[in-house]
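Colleague: Read top to bottom, the protein sequences are chains A and B. Using our numbering, the first residue of the first sequence is number 245, and each one after it goes up by one. Using our numbering, the first residue of the second sequence is number 1350, and each one after it goes up by one.
These aren't lab readings, by the way, just hints derived from the structure by calculation. Remember, it's a predicted structure, so these values are computed and weren't measured experimentally. Note that beta-carbon positions come from the ideal geometry of N, C-alpha and C, so glycine has one too. Errors might be hidden in some of the hints.
[Stated by the list, open to error] Derived DEER-like restraints, expressed as beta-carbon distance ranges:
1. B:R1842 to A:A255: 29 to 37 angstroms
2. A:E318 to B:E1812: 45 to 53 angstroms
3. A:E318 to B:A1800: 47 to 55 angstroms
Each chain, letter by letter, is given below.
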Amino acid sequence: MKAYEGVDTTAPAELLARARTGEREAFTELVERHHPELVRIAYAITGDLDAARDSAQLAWIKAWQRLPSVREPERLRAWLIAIAANEARQHLRAQRRRHVREIAPSTEDDLPGPNTVTSADRLDLGAALVRLEPADRGLLAMRYLAGLSADEIGQATGLTASGVRSRLSRLMTRLREDLDHD
Amino acid sequence: MTERSTFDLFEQHIAAELERFVAPATDPKPASDIAAVAMRPRHLVVHARNVSQPRRLLLLGLAAALLVPAAYIGASNVRPPAPDQAVLVRPSPTVDPRPTAVPSARVASGYVPILVRRTVGPEPGISIFAVRPDGGEVLVRNVPDSIVPRGTLGEWGTVSESGWLALGVEANGGPWPMILIDLADEQAEPWLIDEANLGGIGPRWGPTGLVAANAGGNGGSVVIADPETHATRIVSMRGGLVGGGPSIIWAADGSGIVGSTRNGTYDIVPLDGGDPRPGVAEVFDSRRHFGPGLAELRICEPFTKCPGVANGRLERVELDGSAMTIWQQEGDDRALAASFGSSADEYWLSVDHGNGRQVALIHVLGERQDVVATVNRIADWSGVDAPQMAPDGSMLLVWIDNGAKPAAVIVPLTGAPPTFHTGNFAGFVDSAALAASATGEPGTPAQTMPAVGETYALPSLDELISAELRLNPGRRVLSKASRDGVDGDTGRRAFEVARDHPGGGAQLDCLGPSSVTVTSGSDSITSPCLRAGAYEFTIGASGPITVSASGDTAWRVVIYSQ
């Protein structure tokens, strides 16, 4: 017989199951795995480091409270990201102001991906991003930072997958237009 | 890392720009601290954010809300509050507050406990009560919510021995400032301290009459307030506070607050703005969850980190990880909670007794262990904290989680019968401080305890299923089984749960004096059945499910479609 202590903690499903039973170590492991990403997502929305950290912390509070309702371990990550994004948006609402962060130019070496983009391009793109509504930036972050599918974003946010695709498409069109105008 | 293989060129630019944008977004806080903050039950948060009612709040934390530190919670598994507690909660004995304070003579001599309750009606707010040694409740003050510019007064508070009550103000969207109410002077204006933002960190009174409260940044700084002078100062905690809660712990001399450093050590951050002093010796923790040198207590239940067998012993764990057994379980009486006493080798425990019908309050002093009192249990209690002794040794107070509302049992050490009180226990106050503003003879009569202890109550299968399906309407019940406890039936047997359909996930609820183990294939899970709340777990796709339980422990197993 395999006792709970013997369960492989690297398996997400088992980890979630253990966390749902209240096992502190399992929940801590979930935090270890997902917290950095939640902070990044929240930061993409708020542009404020303290707010991002607070939002991620609040997300974990909610996640803990609602953990028993998570039935499908494979959706856990998207669910956590959605909570963090929501907390970040709520933070901005509470602040009653938009927080626009300057994006500093960087060296070519910083640029991930195979494509050549000039610093000017990046500045324009960065400026266009920060002009977006936080909710839209959250959507972009979920899609392009976290790599969630439209279906996953939809399930996490309550939108339909087609609605997510439609919004993303409009956002991309708008960004392209912004860059053209810039 | 983002998977960009399916992104077009422009999307890859977006992804790259977002990556650069969030590059500074890191959090140095340890995952264990973040998890502990999250796991800390917080009634205020649930209430303020209007989260749906949990089926069972493992309410060790309700107590807590602001006040129970990680040390206590860490002593055992803390369940995430599962949905819909309604089926578990029975109306608890209540004592209606009197509408207004009645000036009169003293409450009593010595120290009296202070309880805070939320009141409803045309002028909602809180009512503050003192409890006399005979158990009678005396209204000290009614404070309406209208005294604060926005939000409502929280019932979770802490009181100084001199009678200053520190409460949080729950305001949607935060921040949650702190308000200080002088229980000794009915005419005194409450003092709203906007620098505080209580959130999930409770204020703590220090040994010199100052109160410390979180000032934002999740313990990154605290505000120190002197109620006598209305002076405040902000103290930066550099690395942070102590524990996952985190908790505000004072240096024993009141000169500073215990802080944590980023390299895992602890120091004392002085109130005067001086450099932190490395190391922690004696501390002042009014809740007694931390001991000298920041030692903590843990009960070695199943699934805790105790080395060796999980035999229910109580261990004292030092900062360096070394542990010493304080109390050893003998027989079936399991430790429910523990706290430090007032001296270095003194401890208090609440221990399950009488097949779950009673709670024994145990005093440990060095090698000596005494059962000081035994309290008859009421069926809807789902959590029992460790006893706290009044500073003058006149009584013990045991915080009770009875579902939706906190409560307390007061055990006079004069031989008088224990009494039951609803409300949140805020601390003990020198009754002399209340003489001018409170009291009243004869006081509201006490609620007496039941003559016979009541066994744990567990909802029926139908109630549990209804609650689950309200929460998750799409689920189907694939199989179910249950057994009610039979008093005195201590024989252990195995029950096989028939499965008409493959797959699914199982929920185990059990309450009683013995643990229950559910086995599916090579996996098993054991619940100590000490508290209300379901264990939920995955099971094998097919094959039998076996429940091993003693006859005196009630259990329910439901297998749902996932």
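Colleague: Mind checking the hinted window 29 to 37 angstroms against the Cβ distance between B:R1842 and A:A255?
Modeller: Between B:R1842 and A:A255, where Cβ atoms are some 32 angstroms apart, the hint holds.
Colleague: Just tell me: holds or violated, for the beta carbon distance of A:E318 and B:A1800 against 47 to 55 angstroms?
Modeller: 54 angstroms, holds
Colleague: A:E318 and B:E1812, beta-carbon distance inside 45 to 53 angstroms?
Modeller: 31 angstroms, violated
Hint compliance for this structure: hint 2 is the single one not met.
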